[in-house]
Every structure is written in structure tokens, then in C-alpha cells.
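Participant: Construct the entire structure; sequences and hints are all you get.
In this text, residue positions in the sequence shown follow my numbering: the first is 1, and each later residue adds one.
Because the hints were derived from the structure by calculation, they are not lab data. Incorrect hints may have been included.
Each pair of labels, with its calculated beta carbon distance range [what the hints assert, rightly or not]:
id, residue 1, residue 2, range
1, Glu338, Pro195, 22 to 30 Å
2, Pro238, Glu87, 51 to 59 Å
3, Ser3, Leu160, 53 to 61 Å
4, Asp127, Asp357, 29 to 37 Å
5, Leu263, Met181, 34 to 42 Å
6, Ser262, Asn371, 55 to 63 Å
Computed list of lysine-lysine pairs in DSSO-like fashion (alpha-carbon distance at most 30 Å, straight line) [said to hold, decoys possible]:
id, residue 1, residue 2
7, Lys188, Lys139
8, Lys239, Lys253
9, Lys4, Lys83
10, Lys253, Lys168
11, Lys239, Lys330
12, Lys83, Lys370
13, Lys139, Lys4
14, Lys253, Lys332
Yeah, the Cβ is synthetic: ideal placement off N, Cα and C, and Gly gets one too.
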Amino acid sequence: MSSKPVLILVGTRPEAIKMSPIILRLQQSTVLRPVICSTGQHKEMLSQTLADFNISPDIELAVMQPGQTLMGLAGRLFLGLEKTLGEIDPACILVQGDTTTAYAGAVCGFYARIPVGHVEAGLRSGDMYAPYPEEFNRKGISLAATWHFAPTQGAADNLLQEGVAADKILVSGNTVVDALMCMRDAIKQTPPPLPEAIENIIRNNGQYVLVTGHRRENFGQGMEDICSAIATLARLHPKCFFVYPVHLNPQVKSVVEQRLASLPNVVLTAPRGYRSFLRLLDNCLFVLSDSGGIQEESPSFGKRVLVMRDRTERPEGVAAGFCRLVGTSKEKIVAAAEELFALSATSAQLGPNPYGDGNAAERIVAMIEKNLA
Numbered sequence: 001m002s003s004k005p006v007l008i009l010v011g012t013r014p015e016a017i018k019m020s021p022i023i024l025r026l027q028q029s030t031v032l033r034p035v036i037c038s039t040g041q042h043k044e045m046l047s048q049t050l051a052d053f054n055i056s057p058d059i060e061l062a063v064m065q066p067g068q069t070l071m072g073l074a075g076r077l078f079l080g081l082e083k084t085l086g087e088i089d090p091a092c093i094l095v096q097g098d099t100t101t102a103y104a105g106a107v108c109g110f111y112a113r114i115p116v117g118h119v120e121a122g123l124r125s126g127d128m129y130a131p132y133p134e135e136f137n138r139k140g141i142s143l144a145a146t147w148h149f150a151p152t153q154g155a156a157d158n159l160l161q162e163g164v165a166a167d168k169i170l171v172s173g174n175t176v177v178d179a180l181m182c183m184r185d186a187i188k189q190t191p192p193p194l195p196e197a198i199e200n201i202i203r204n205n206g207q208y209v210l211v212t213g214h215r216r217e218n219f220g221q222g223m224e225d226i227c228s229a230i231a232t233l234a235r236l237h238p239k240c241f242f243v244y245p246v247h248l249n250p251q252v253k254s255v256v257e258q259r260l261a262s263l264p265n266v267v268l269t270a271p272r273g274y275r276s277f278l279r280l281l282d283n284c285l286f287v288l289s290d291s292g293g294i295q296e297e298s299p300s301f302g303k304r305v306l307v308m309r310d311r312t313e314r315p316e317g318v319a320a321g322f323c324r325l326v327g328t329s330k331e332k333i334v335a336a337a338e339e340l341f342a343l344s345a346t347s348a349q350l351g352p353n354p355y356g357d358g359n360a361a362e363r364i365v366a367m368i369e370k371n372l373a
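Facilitator: Right under this line is the structure:
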């Protein structure tokens, strides 16, 4: 009997990271086979990350255009996915998270009456505009999805409260932990190269704070305030470095380069591959970020994260003491960072990662196999 195609949609770096363990597991299945569709929402970073897992897309949609709006992106995704579904005729579609790629994929699956599995289902911030448009996207995906793979019991509870049937929900754990466990030993055995400026910091046992920032709701004044806070901290701690892999979006890159490039202890780099980024995370003092994924990754390395957002859909990291919400106010970011500097510790002994045990992909594939057998 021939294996049934499972269409895997990935458009951004986090989707590639979190879908890769599922893809690798599906490659071992005797009844299912992955068909990987890259929408190219963040093409450069996506290709780089898939390559870290030795995965190549089967289909490339290349939907991005310069200056494209959310509506323009969604429209191109719908048209591209309609053609893809006609060619592949998948047994089911898997989408991850809350991106425009995931939203369009779920809606297309619903329209075509194809089962949709939602990886990382049930996350809720409670504010439709924070994060924007992700909160809307993930709520819409939940309406269209057939199976809901919740990373935590809290996420599953959110779905139950919204009326999703219990037998359609699986508390799988988060596949980001699977990805970390897949990569961590390899990174220690063969450290991936970093820019020479960062290699020198690590070689000389120097301290650095890892910074990331790219959220759409922080564009404009929010990004200005974040950069102002980093500049202030860099001046207050001249012997500490601030390493910032800068997102390629012009609304992020232009502000960051204008405000931070001239500071001697701020190191701006291009986005790192997944292996390189994990090495950065493993060696840092703590993290300043508005990323969702880093809130999930940092506990596996014992690192604290100051989350530069007012709300989070990942409360488990906050409850466990790894993460703290500080918003985008310069004063709040600086004050919270000063508290972490005062701890004089690079590691937070706060217990295990609350987001999973590294077996999420196995659980997810087993449920799909059971339902499609």
C-alpha cells in the first residue's frame, strides 16, 4: 500500500524549526510521507534553517514581494495553495503556529474539506492586537483545524473553553524541545562558526546579552524604545557585549542599524542559522527578546528572558521563572536588565523546560497515523 501524502506548510524560520522534528518523524513512517511546501514568507532564514536539519522543500511558492501588505501576502498564499492542493491531493495538511502561512493553509484545507492538523494549538494572549496579527490567525486556525496539537495543558484548556472537542486535542508538548534535543549535542561536539567578533567574546570568556526583536506590533515607536534601552544598557555596562542578530525586515533593520551600529560593545550580525543561534543562546548571560520561540527555547539552556511585550501567550515560562514581561518601555527594560546583571549568574537553576520532553513529534505523528489509517 502506498504511503499517504501529508502536506507540511512552512513559511518562516520558527515554523521550520518546529516542523522539522515532525518531518523527520514522518520520513520514518510506513503509512505517511511528508510533502514539504515552502511558501517563502521569510525565504532566506527559512532555507537556512531547513538545511540545518538536512531537509529540502519539495515545493516552493515564493509568495513574497517587496513592500507586500498582509492582505497581498494572504491573497498570494491562497492562490498558490489552491494550485498546490490540486497537484498533491494530500491526506491532510499540517500547519504550525500563528503565521499568515499557517492561517492561509488552514483556511484552504477547510475550503477543500481536507483534514488540518494545527501544531502549537491553543496559545492565547487575550488581545486580538497583541501580538498582531498572530492572535487573530491562531484563533482562526482553531476554527478550521481538525486536530489540535497543544504544547501544554494550559493551551489545551484554552481550546476546551472555546468548545473544541476533547478527542480532537492532544497535549503533545512543544516540538521546539524536540528540535533543541536533536541539535544540542551536535553543537557541543562541533560548534557552528560565528562571526569573528562573537568568537572572540566567547574565546575570552566575555559576557554578552543576546538580543532579538522583530514583532510587527513593535514596529515604529516600540522598536525605537527597545533600541534606546539597549543603547542605555550598553553604556552602563561597557565591559558587557550586546549581540543582536538583526531581522531582515527593513522596518527592523533600518532602526537597529541607525540607533545601535556605532556603539562599540553592540555587535550586530545577520540572522543566524539555527545551530549558530543555539550556540549564541547557550553562551549568553541572559536574553532580551520579543520572540515567542525564545521563551520556549531558553529554559532548556537555563537562561532567563526579558520579554519585550506587554502580553504573552506562553505563560508557562513566566510561571516557571524563566521569563518576565517588561513591555517596550525603555525604563522598564533597563530596570529589569539591571536586576539580572546584579544576579551575576549566567544560569538560572529553575527546573526543567515546561514546554516538553522532546517526544512531541512522535506523539503528533502517532495521532495522525491513527486517524488516517
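Participant: It remains to establish, for every hint, whether it holds in the given structure.
Facilitator: Status of each hint after checking the structure:
Range check, Glu338 to Pro195: Cβ separation about 27 Å, and the 22 to 30 Å hint holds. Hint check: Pro238 to Glu87, Cβ distance near 57 Å, so the stated range 51 to 59 Å holds. Between Ser3 and Leu160 the beta carbons are some 33 Å apart, a value that contradicts the proposed interval 53 to 61 Å. Between Asp127 and Asp357 the beta carbon distance is about 30 Å. The supplied range of 29 to 37 Å therefore holds.
Against the hinted window of 34 to 42 Å, the Cβ-Cβ separation of Leu263 and Met181 comes to about 36 Å, which satisfies the hint. Range check, Ser262 to Asn371: Cβ separation about 56 Å, and the 55 to 63 Å hint holds. Restraint check: the Cα-Cα separation between Lys188 and Lys139 comes to about 39 Å, which exceeds 30 Å; the hinted pair is violated. A distance of roughly 25 Å separates the Cα atoms of Lys239 and Lys253; the hinted pair therefore holds under the 30 Å criterion.
In summary, the hint linking Lys4 to Lys83 is supported, as the alpha carbons are separated by about 19 Å, within the 30 Å threshold. Restraint check for Lys253 and Lys168: not satisfied, since their Cα atoms lie roughly 41 Å apart, outside the 30 Å limit. Taken as a hint, the Lys239 and Lys330 pair is honoured in the structure, with Cα atoms around 21 Å apart against an allowance of 30 Å. As the CA atoms of Lys83 and Lys370 are separated by approximately 28 Å, the hinted pair is consistent with the 30 Å bound.
Between Lys139 and Lys4 the CA atoms are separated by roughly 28 Å; this keeps the pair inside 30 Å, and the hint holds. Among the hinted pairs, Lys253 with Lys332 is consistent with the structure: their alpha-carbon atoms are about 23 Å apart, no more than 30 Å.
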